[in-house]
Amino acid sequence: MQYKLHNHNHNHNQTYKGLIIEPKIRDFFIGRIWIRTNAPFPQEKIETYIKYNYFKRILGISSKRGFFKKHYTCNRCYNENQSEFIHYECARCNQLCTYCRHCINMGRVTSCTDLLIWNGAKPKFPTYHILDWDGTFTEAQAQASQQLTDSIQQNHNHLIHAVCGAGKTEILFPAVLAALQQGKRVCLATPRTDVVLELFPRFQKVFPNTILHAYYGNAPQQQGLPQLIIATTHQLYRFENAFDVVIVDEADAFPYTFDKALQKAVFKVKKQSAPLALVTATPSPQILAKVKREKWGYSFIPKRYHGHPLPVPTFESLWSYNKMIAKGKIPSKLIQWTKMRIAQKEPFLIFFPTIQLMGIATPLFQQLHEDILSVHAEDVDRKEKVTKLRNEEIPGLLTTTILERGITIKNVQVAVVGAESKIFTSSALIQISGRVGRNVNYPAGEIVFYHHGITTEMDEARNEILRLNKEGFGK
Amino acid sequence: MKRNEVPNCLLCNAPLNEQMTWKYLLTNAFPRTICSECEQKFEPYHTTQNQEVTSLYKYNDAMRDFLHRYKFMHDTLLAKVFRDKIHEHLAKSKAIITPIPMHPIKLKERTFAHVDQLLKEANIPYQHFLEKTTTETQVGKSRQQRLATEQFFKLKASPENIKNKDFLLIDDIYTTGITINHAKNVLLEAGAKSVKAFTLIRG
Ligand SMILES: [Zn+2]
Ligand SMILES: [Zn+2]
Numbered sequence: 001m002q003y004k005l006h007n008h009n010h011n012h013n014q015t016y017k018g019l020i021i022e023p024k025i026r027d028f029f030i031g032r033i034w035i036r037t038n039a040p041f042p043q044e045k046i047e048t049y050i051k052y053n054y055f056k057r058i059l060g061i062s063s064k065r066g067f068f069k070k071h072y073t074c075n076r077c078y079n080e081n082q083s084e085f086i087h088y089e090c091a092r093c094n095q096l097c098t099y100c101r102h103c104i105n106m107g108r109v110t111s112c113t114d115l116l117i118w119n120g121a122k123p124k125f126p127t128y129h130i131l132d133w134d135g136t137f138t139e140a141q142a143q144a145s146q147q148l149t150d151s152i153q154q155n156h157n158h159l160i161h162a163v164c165g166a167g168k169t170e171i172l173f174p175a176v177l178a179a180l181q182q183g184k185r186v187c188l189a190t191p192r193t194d195v196v197l198e199l200f201p202r203f204q205k206v207f208p209n210t211i212l213h214a215y216y217g218n219a220p221q222q223q224g225l226p227q228l229i230i231a232t233t234h235q236l237y238r239f240e241n242a243f244d245v246v247i248v249d250e251a252d253a254f255p256y257t258f259d260k261a262l263q264k265a266v267f268k269v270k271k272q273s274a275p276l277a278l279v280t281a282t283p284s285p286q287i288l289a290k291v292k293r294e295k296w297g298y299s300f301i302p303k304r305y306h307g308h309p310l311p312v313p314t315f316e317s318l319w320s321y322n323k324m325i326a327k328g329k330i331p332s333k334l335i336q337w338t339k340m341r342i343a344q345k346e347p348f349l350i351f352f353p354t355i356q357l358m359g360i361a362t363p364l365f366q367q368l369h370e371d372i373l374s375v376h377a378e379d380v381d382r383k384e385k386v387t388k389l390r391n392e393e394i395p396g397l398l399t400t401t402i403l404e405r406g407i408t409i410k411n412v413q414v415a416v417v418g419a420e421s422k423i424f425t426s427s428a429l430i431q432i433s434g435r436v437g438r439n440v441n442y443p444a445g446e447i448v449f450y451h452h453g454i455t456t457e458m459d460e461a462r463n464e465i466l467r468l469n470k471e472g473f474g475k
Numbered sequence: 001m002k003r004n005e006v007p008n009c010l011l012c013n014a015p016l017n018e019q020m021t022w023k024y025l026l027t028n029a030f031p032r033t034i035c036s037e038c039e040q041k042f043e044p045y046h047t048t049q050n051q052e053v054t055s056l057y058k059y060n061d062a063m064r065d066f067l068h069r070y071k072f073m074h075d076t077l078l079a080k081v082f083r084d085k086i087h088e089h090l091a092k093s094k095a096i097i098t099p100i101p102m103h104p105i106k107l108k109e110r111t112f113a114h115v116d117q118l119l120k121e122a123n124i125p126y127q128h129f130l131e132k133t134t135t136e137t138q139v140g141k142s143r144q145q146r147l148a149t150e151q152f153f154k155l156k157a158s159p160e161n162i163k164n165k166d167f168l169l170i171d172d173i174y175t176t177g178i179t180i181n182h183a184k185n186v187l188l189e190a191g192a193k194s195v196k197a198f199t200l201i202r203g
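Chains A and B supply the protein sequences, listed in that same order.
Under this note's numbering, residues 1 to 475 are what the first sequence spells out, in order.
Under this note's numbering, residues 1 to 203 are what the second sequence spells out, in order.
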């Protein structure tokens, strides 16, 4: 299907009758900011569209004269951290050229890169959507969901602070539905690809009438103009002024805390007055301060959806575990713990602070049970291994912090080795503890922090869990 | 050379916390650009005595990732990563250092000559004597096809500059040897006394 557009474009004053706009091209570019040479369409076509003013063209990097030296800004990711700008002799523009290292994973942007923004007519989004979900809310969920919907309707920012296992995703459904039914375009962003892959089919299922796309590194190209987008926060760099509602899930997730760069990305992808909602189990003090100062809407759910308290971590010393493992021995406490899980047929996760240590430990654990596997961030079989654990095909998984959030395994038991390590911040430890006891039939479970000395981060994590249980149960 | 030129590892972004040691103050060593954890992932390649091509590293996962980021994602800055090792190997070379050239169209696309850039960062002077005459790459061709490829370099300088001189060809990676052989033949036919080669990676 092709449309003829007659001067729908108010930015140019000549009338071009007869340029046939391909919906495929228009739909791809609406709301996006894209490197011209990376467009998945023939360059001659792009050329013609530019000629007829269907694109606004901007330079990749701008610079202004500062007090001592030039100050650079990346026009795609809005990065202004000067140490991330690299200058070199460019053979394309034949001069000293600058590129942004901050967003280089999305294709490099240089001073001589053309960025394209759609400048033609934008079609209206449909308003007929249905929510095909027959679950029920707890009282706390229902309240939070209503508060979120109200905030979004009033273009108000909102924070949902909900413990791990509170059923956060379902809380979003009514608010997203209300926005879609007003013809609004909605973006749900999260720092991790795994979470995108988990959320996408769930939203697809409950919004059967809605065009939705999932964007993450190496995602397949998808057809149509999506009204609902589920994307990694990284992918936000590729959008601009695009959404009427932006929701960021797990806003605090390592390694992209709700830092300056991400804040900029979030603010540039939403339309100016569009509301932003953050959903997290572990809001940073900075986020809480912002919420208070700017009078955001706020919902707090201290209880899990099944009504049972959060499992509280126990601390166990594991002195010099590093040296022992390096010598080819698992400390005996850890052997006992693992053997117990295997004997009781309870699936388990053991978290390690580094890939290196985990690499040495893996064959040692395989002496306890040959089917024990390990996963890390670059593991291509990550999904399959988690599925194997979920299906009880393997007794347990050794993992880096990559599995700290987003995954749900019935009756899983968790140990953290080297809980004193820097990488285990209090929020990471809370998330890891939150893997345990999520299923209504197995609401309790083991969460042990094995350590070589207790850190304040460990104390903070434990105290926060105790505090949440107190809030939720008044004990 | 500025000392705190690179505060974080260029590959994993971990802070480098470079210690100011006497070694740095007394020698002209390059400051580090990657952390020791990343460094360990690269496997040195040991060139045997009778090989005409010297290489520094094996082609492993870490190197594949490096090459992808440098050559295909165009992170030009990564030319600094191996500068000290490259400098160490080439600084005392008596032969004339000449990089394998890129085709001008390819060069415009990539925006930098990746082999030249490695040498620039390592402070190694070089001269171009060859020109690439085809935009075709060797990637994706079978060995048969590669062997059958016609000569794809031609001489850029007058033969007087070549005659009776020793040359060292530089490339990023050595796999089948066809690129190096083509270049070598052009120089030998023009009267070069000897042509050896050096690559960062051995495929
Ligand atoms: Zn950028
Ligand atoms: Zn340039």
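What the hints contain is simulated information worked out from the structure, not anything from laboratory work.
Mixed in with the good hints, there may be bad ones.
[Unchecked claim] Heads up, simulated DSBU-like pairs for lysine-lysine below, C-alpha to C-alpha not over 35 angstroms straight-line:
{"id": "1", "chain 1": "A", "residue 1": "K388", "chain 2": "B", "residue 2": "K41"}
{"id": "2", "chain 1": "A", "residue 1": "K205", "chain 2": "A", "residue 2": "K385"}
{"id": "3", "chain 1": "B", "residue 1": "K156", "chain 2": "A", "residue 2": "K64"}
{"id": "4", "chain 1": "A", "residue 1": "K422", "chain 2": "B", "residue 2": "K85"}
{"id": "5", "chain 1": "B", "residue 1": "K58", "chain 2": "B", "residue 2": "K156"}
{"id": "6", "chain 1": "A", "residue 1": "K69", "chain 2": "B", "residue 2": "K58"}
{"id": "7", "chain 1": "A", "residue 1": "K56", "chain 2": "A", "residue 2": "K323"}
{"id": "8", "chain 1": "B", "residue 1": "K85", "chain 2": "A", "residue 2": "K323"}
{"id": "9", "chain 1": "B", "residue 1": "K71", "chain 2": "A", "residue 2": "K70"}
{"id": "10", "chain 1": "A", "residue 1": "K292", "chain 2": "A", "residue 2": "K268"}
{"id": "11", "chain 1": "B", "residue 1": "K85", "chain 2": "A", "residue 2": "K70"}
{"id": "12", "chain 1": "B", "residue 1": "K85", "chain 2": "B", "residue 2": "K58"}
{"id": "13", "chain 1": "A", "residue 1": "K271", "chain 2": "A", "residue 2": "K51"}
{"id": "14", "chain 1": "A", "residue 1": "K345", "chain 2": "A", "residue 2": "K470"}
Hint check, failures only
Numbers 3, 6 and 7 - these are the hints that the structure violates, sorted from lowest upward.
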